[in-house]
Amino acid sequence: MSGRYLAARLASLLATLAVVSVVTFLVLRVVPGDPAQIILGADTPGDSLRELQHALGTDRPLAIQYLSWVGSVVRGELGVSLRHQRPVIDLIVERLPVTLPLTGLALLISLVVGLPVGVHAARRHGTLADYAAIAGSQIGQAIPSFWLGIMLILAFALELRWLPSGGWVSWSQSPGQALQHLAMPAVALGLVIAATVVRMERASMLEVLQEDFVRTARAKGVPEPAVIYRHTLANALIPTVTIVGLQVGTLLGGAIIIEQIFALPGLGRLVLFAVFNRDWPLIQGLVFFIAVLTIGLNFLVDLSYAWLDPRIGDA
Amino acid sequence: MPGWTRALATRRPWRRHRGFVAGAGVVCLVALVALLSAVWTPHDPEAVDIGQRLLPPAGAHPLGTDQFGRDVGSRLAVGASIALIVAGISTAISLVLGVALGAAAGYAGGVTNELIMRAMDGLLAFPALLLAIAVVAALGPGHWHATLAIGIVGIPIFARLTRGVVVSLTAREFVTAARAHGAAPLYVLARHVLPNAMPPVITQASLNVGRAILAEAGLSYLGLGTQPPIPSWGKMLQEAQGFLSLAPWLAVMPGTAIGLTVLAFNVLGDALRDLLDPRLG
Numbered sequence: 169m170s171g172r173y174l175a176a177r178l179a180s181l182l183a184t185l186a187v188v189s190v191v192t193f194l195v196l197r198v199v200p201g202d203p204a205q206i207i208l209g210a211d212t213p214g215d216s217l218r219e220l221q222h223a224l225g226t227d228r229p230l231a232i233q234y235l236s237w238v239g240s241v242v243r244g245e246l247g248v249s250l251r252h253q254r255p256v257i258d259l260i261v262e263r264l265p266v267t268l269p270l271t272g273l274a275l276l277i278s279l280v281v282g283l284p285v286g287v288h289a290a291r292r293h294g295t296l297a298d299y300a301a302i303a304g305s306q307i308g309q310a311i312p313s314f315w316l317g318i319m320l321i322l323a324f325a326l327e328l329r330w331l332p333s334g335g336w337v338s339w340s341q342s343p344g345q346a347l348q349h350l351a352m353p354a355v356a357l358g359l360v361i362a363a364t365v366v367r368m369e370r371a372s373m374l375e376v377l378q379e380d381f382v383r384t385a386r387a388k389g390v391p392e393p394a395v396i397y398r399h400t401l402a403n404a405l406i407p408t409v410t411i412v413g414l415q416v417g418t419l420l421g422g423a424i425i426i427e428q429i430f431a432l433p434g435l436g437r438l439v440l441f442a443v444f445n446r447d448w449p450l451i452q453g454l455v456f457f458i459a460v461l462t463i464g465l466n467f468l469v470d471l472s473y474a475w476l477d478p479r480i481g482d483a
Numbered sequence: 067m068p069g070w071t072r073a074l075a076t077r078r079p080w081r082r083h084r085g086f087v088a089g090a091g092v093v094c095l096v097a098l099v100a101l102l103s104a105v106w107t108p109h110d111p112e113a114v115d116i117g118q119r120l121l122p123p124a125g126a127h128p129l130g131t132d133q134f135g136r137d138v139g140s141r142l143a144v145g146a147s148i149a150l151i152v153a154g155i156s157t158a159i160s161l162v163l164g165v166a167l168g169a170a171a172g173y174a175g176g177v178t179n180e181l182i183m184r185a186m187d188g189l190l191a192f193p194a195l196l197l198a199i200a201v202v203a204a205l206g207p208g209h210w211h212a213t214l215a216i217g218i219v220g221i222p223i224f225a226r227l228t229r230g231v232v233v234s235l236t237a238r239e240f241v242t243a244a245r246a247h248g249a250a251p252l253y254v255l256a257r258h259v260l261p262n263a264m265p266p267v268i269t270q271a272s273l274n275v276g277r278a279i280l281a282e283a284g285l286s287y288l289g290l291g292t293q294p295p296i297p298s299w300g301k302m303l304q305e306a307q308g309f310l311s312l313a314p315w316l317a318v319m320p321g322t323a324i325g326l327t328v329l330a331f332n333v334l335g336d337a338l339r340d341l342l343d344p345r346l347g
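Protein chains in written order, with our numbering: chain A, 169 to 483; chain B, 67 to 347.
Rather than coming from a laboratory, the hints here were simulated on the basis of the structure. Any given hint might turn out to be false.
What the hints assert, rightly or not - Here are some of the chain A residues that sit facing chain B, going by a computed Cβ distance under 10 angstroms: (1) T192; (2) L196; (3) L208; (4) T212; (5) G294; (6) L296; (7) W330; (8) L331; (9) T410; (10) I411; (11) G413; (12) I424; (13) I429; (14) V439; (15) S472; (16) L476.
Here a beta-carbon is modelled for each residue, glycine too, at the ideal position from N, C-alpha and C.
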């Protein structure tokens, strides 16, 4: 990986971050209605309203407000939640042990299910197994993950009584029970991503299988498993990794609904709490944090892309 | 005449394409149910009848009744019209603004291109649902605000797509020729460039309607989209979750409706890609 490639990627990362900070700031600041008014209610005397506006800093020009917000973000502060009366960053950090394992597990499930099915379908191109994989992937992309979650509750919590239907036990209390509470949410979230992985992996395997070097390997008498796993899969993984990287946003977005269904106290539920309580510093902090998390993970995927295919990093 | 109008003129491959027939068939069926629901449903979708609550599918209520004794079939039909209206209008918003921004960036190049595309990258960096939630949080819940939110989220996808096509077309001889003849930029775009950009845009629109239906269902499930008593598929699912052990069919029906409709739009989108522009494969 050349230094110039890394520098170019970093520059575009910073540009994206700048845009994201402006969007986050504007979406929630150019809202109809004054935050101070919302907090205090409609019929508040003008004095206390102006006092709060001054305390919140919303009486200053928009550009100044933006710069001061960016300044505090750079220092690692995301403001103070209006309803919790605690720093937003603390509230976020408290919820990470739920949301990060949830999305991580879901990603793992999507790869463990999606990659073998995609490879298998490509090897048996045009057979019944291939069509079944395509159909399964189409259906997986069409059904909402939250419906899948509800159906899982119906089957595994209410009928079979194998797993809890929702709620949370912290890792420190019982890692086993925490995992049990994450199992169904992670499957619901992961299977939907798996559908995309199947489709992508199948398509790129089919493409690579037609390349000359695969034919050469076969002609040289390389055993078929080695042709598939050493020669083809390594090349077919690159587009799949990119797509999986783009799914990070889908995962974090999907987690918002999934956490609601399974009553998991993660970032997603915090987002909804903030929205329904009009806790705008909390919304702003959360939206920015999740966007930065998404960008950061995508950046790592970009770098791994260059690592998987050295030709990209040198360009 | 660009390829896609020629493809429209010769209809045979369309009728033979199974994906197109199946996708378009189901889409038409859902649209028909939605249209019909505006003038007629078997029962009043908002009529509460506690004596008839949580009835399993049978007899006068072929899809059962919900916790207020409302007819699930009638509510699903009205839900179809809400889903199609929200998804249709939001896709139109994404398409018009996305194509305009993408065309401007691709045709003008330089600083305009950089400004527009960096802004689009920024929008794309947000998880789609989170951005939609943020917009709805700012505007307040409701299906029109959800429509706008979903529409905004879709803009960068159309902008990127259009920019890519416009950049590659602008370098072609026929566009250079038109420019050399002194044709105005807007004329060249409208007459020579955009018609050729339509096949991928139309394909994307179909896929986008599917995404928008999922997004509307998600927002309504969270209580941020369509508000009661208007029936929406996502809200119906959320309400059904409280009666999962008593009336599981309540949760099965709206999910099936969402899944089938989104599947139809996705299959239709894939078919359009095959039919309108074979090169895109």
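Just pull the numbers of the violated hints for me, sorted ascending.
3, 4, 5, 6, 7, 8, 9, 10, 11, 15 and 16
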